[in-house]
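Colleague: Below are the chains, spelled out letter by letter.
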Amino acid sequence: MDLIKQLINGIQVGSIYALVALGYTMVYGIVKLINFAHGDFIMVGGYVALTVIPVLVSAGLSPWLCIIVAILFCALLGMATERVAYKPLRGAPKISVLITAIGVSLFLQNLFMLIFSPNPKPFPNFLDYPPLALGENFQISFVTLLTILLSLIIMVGLQFFIQKTKMGKSMRAVSEDPGAAQLMGINVNRTISVTFAIGSGLAAVASVLYCSAYPLVEPTMGSVLGLRAFIAAVFGGIGMIPGAMVGGLLMGVVESLTKAYISSQMSDAVVYGILILVLLVKPTGLFGKNVREKV
Amino acid sequence: MNSSQQKKQKIFSWAVNLGAVILLYAVLLFLIGNGTLKRYEQGILMTICINIILAVSLNLTTGFLGQLALGHAGFMSVGAYTAALFSKSIPMADGPLKFLAALLLGGLMAAVFGILIGVPALRLKGDYLAIITLGLGEIIRVVIENLKFTGGAQGLRSIPKLAKLPMVFWITVCIVAVLFALIRSRHGRAIIAIREDEIAAEASGIHTTYYKIMAFTFAAFLAGIAGGIYAHYLGILGASTFDFNRSIEIVVIVVLGGMGSFTGSILAAVVLTLLPEALQRFSDYRMLLYSIALIGMMIFKPSGLLGTYEFSLTRLLRRIASPFTGRYSSGEGKREKLRQTEEAKG
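First to last, the sequence lines map onto chains A and B. Just so we're aligned, residue 1 is where the first sequence starts under our numbering, counting upward by one. Just so we're aligned, residue 1001 is where the second sequence starts under our numbering, counting upward by one.
FYI, nobody ran anything at the bench for these hints, they're computed from the structure. A few of these clues could be false.
Going by beta-carbon spacing under 10 Å, a handful of chain B positions derived as facing chain A [stated by the list, open to error]:
1) Leu-1068
2) Asp-1127
3) Leu-1136
4) Ile-1248
5) Val-1255
6) Ile-1299
7) Pro-1302
For lysine-lysine, the following DSBU-like pairs were computed, each having C-alpha atoms within a straight-line distance of at most 35 Å [claimed, not checked]:
8) A/Lys-282 to A/Lys-5
9) B/Lys-1125 to A/Lys-289
10) B/Lys-1301 to A/Lys-87
Chain B is nowhere near these chain A residues, computed Cβ spacing over 12 Å in every case [stated by the list, open to error]:
11) Val-52
12) Ile-53
13) Arg-190
14) Leu-275
15) Leu-277
16) Thr-284
Cβ coordinates follow ideal geometry from the N, Cα and C atoms, glycine included.
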């Protein structure tokens, strides 16, 4: 029974990682940039929800709407970040873009530290519904159920969007070859903006789910969560959407099992260890394709 | 210019720089002697020296070799803990000899880690290398936090405070001199060639793997020494000080100073250590300003303050002397002009 509980825990955390990892992977697929600030979008989403919930409640609206507000805010933030910080550097050496991304991440963290103070703040539990009972002493909490189901729906929806819609097709085209895509009449700038918006929106969903499960919001929460999700993305093969989903779920299960059966302090080391192993054995990840070096 | 003239010039330039360093040292001793530099100011100078060592060593990997490494604090912590454990447990009279031995041991241990990490990690490039070094740096921190003999989360206490400013000053000078000599040698040119184009470098017969690991390991060695100085200056150690943010701070110094310029790193290390002290009222805004500076720098001047330009005392002296001797007109000046026009173009 305990093992099943740990597995469900792992799947819950893993779905959150998967949602965040999708953002990393989509952005990487299209602009070949590791968006170090992506983890901080989660933190921003958490703070937005935190500020919006009392307003919604006092206006007589459902606190559930905070998810929508957080998604909109993060999507706008993601697009703005891309415009201001990353777009001027398109075509610049990778190292400069990477450093810029680190700069954006530091900026967001410190900005929110100034606005909301560095201390963690409690997150209101607005998902206070009775747990689902399965048998005698075995129940699944509502948050867990919601997290798993919502992530599943989002992943299926995203897969549909990428494969079947026109925008999804242009995203795939731009990630394949931006120059050729432009020649085919695809608006590359708009496609990149939409990608950032979707990725950041997913981060916002992940953040509300995460904050409901672990009800604390703090300015540095994004870097830890973001790093793990990023590892999940690399694990699955960065740039590959199914890879991010599988990688996220696997990472969550591994982490929760390590915490339960080995050592809770060493879970970070185990997670990084897996990352290093994967990078060494198959640098492109589980689902990645090998790219040959060209002169 | 024939080779004997070249040799003469080299000796002249070493002499000039040595003279300048001795002058700086004399000023330092004088200021300590007459009480202008008290403990607090000496502490700042010590931090500057540590940051200079960290920045120039990271510049070797990031600026000259062109491989972005985000785990420098990990090597620093290995060096710091090794040196601290050594000087705590070895029954030897406290003194400069013990200090140097501890530093050397710390550096060597960090170098061992550098090889262990570098051999697998340097097979990857760019983004992946950045992530893997980041991950390894974090693993080092987590492991130190969970081991018994490193004091766990409490850290190490009552490390003998052996770090004295004059000694640390000379160690820093030696490290910078060695790095300058290295980068101007055959090996240095090979390292720079790898940064410019790895495939072309390999095609011209440079053993790229060897040089990559050599530069990476040497940088780790120096970071270990910096860690050792840090441990013997503070007297206490905690693994949480060597986290990702510490690594980023070093990267910021290197990037702002200019990737590929040791003098740039030194300048940035001095400025970025002094600035927070001078602006203590704004300490809340410090990291915010850093991040804006980082983004702005990347967008408007991606090469950093000095780019790959090295400040040279000899060149300055010659330029001052040129109206009298008329000698400053040959290759040096032309090269300078060429570089300026190139910079204007690009």
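Colleague: State for each hint whether it applies.
Modeller: Hints and how they fare:
no., hint, verdict
1, Leu-1068, "holds (5 Å)"
2, Asp-1127, "holds (5 Å)"
3, Leu-1136, "holds (7 Å)"
4, Ile-1248, "holds (6 Å)"
5, Val-1255, "holds (6 Å)"
6, Ile-1299, "holds (5 Å)"
7, Pro-1302, "holds (4 Å)"
8, A/Lys-282 to A/Lys-5, "holds (31 Å)"
9, B/Lys-1125 to A/Lys-289, "holds (16 Å)"
10, B/Lys-1301 to A/Lys-87, "holds (15 Å)"
11, Val-52, "holds (24 Å)"
12, Ile-53, "holds (27 Å)"
13, Arg-190, "holds (22 Å)"
14, Leu-275, "violated (5 Å)"
15, Leu-277, "violated (10 Å)"
16, Thr-284, "violated (9 Å)"
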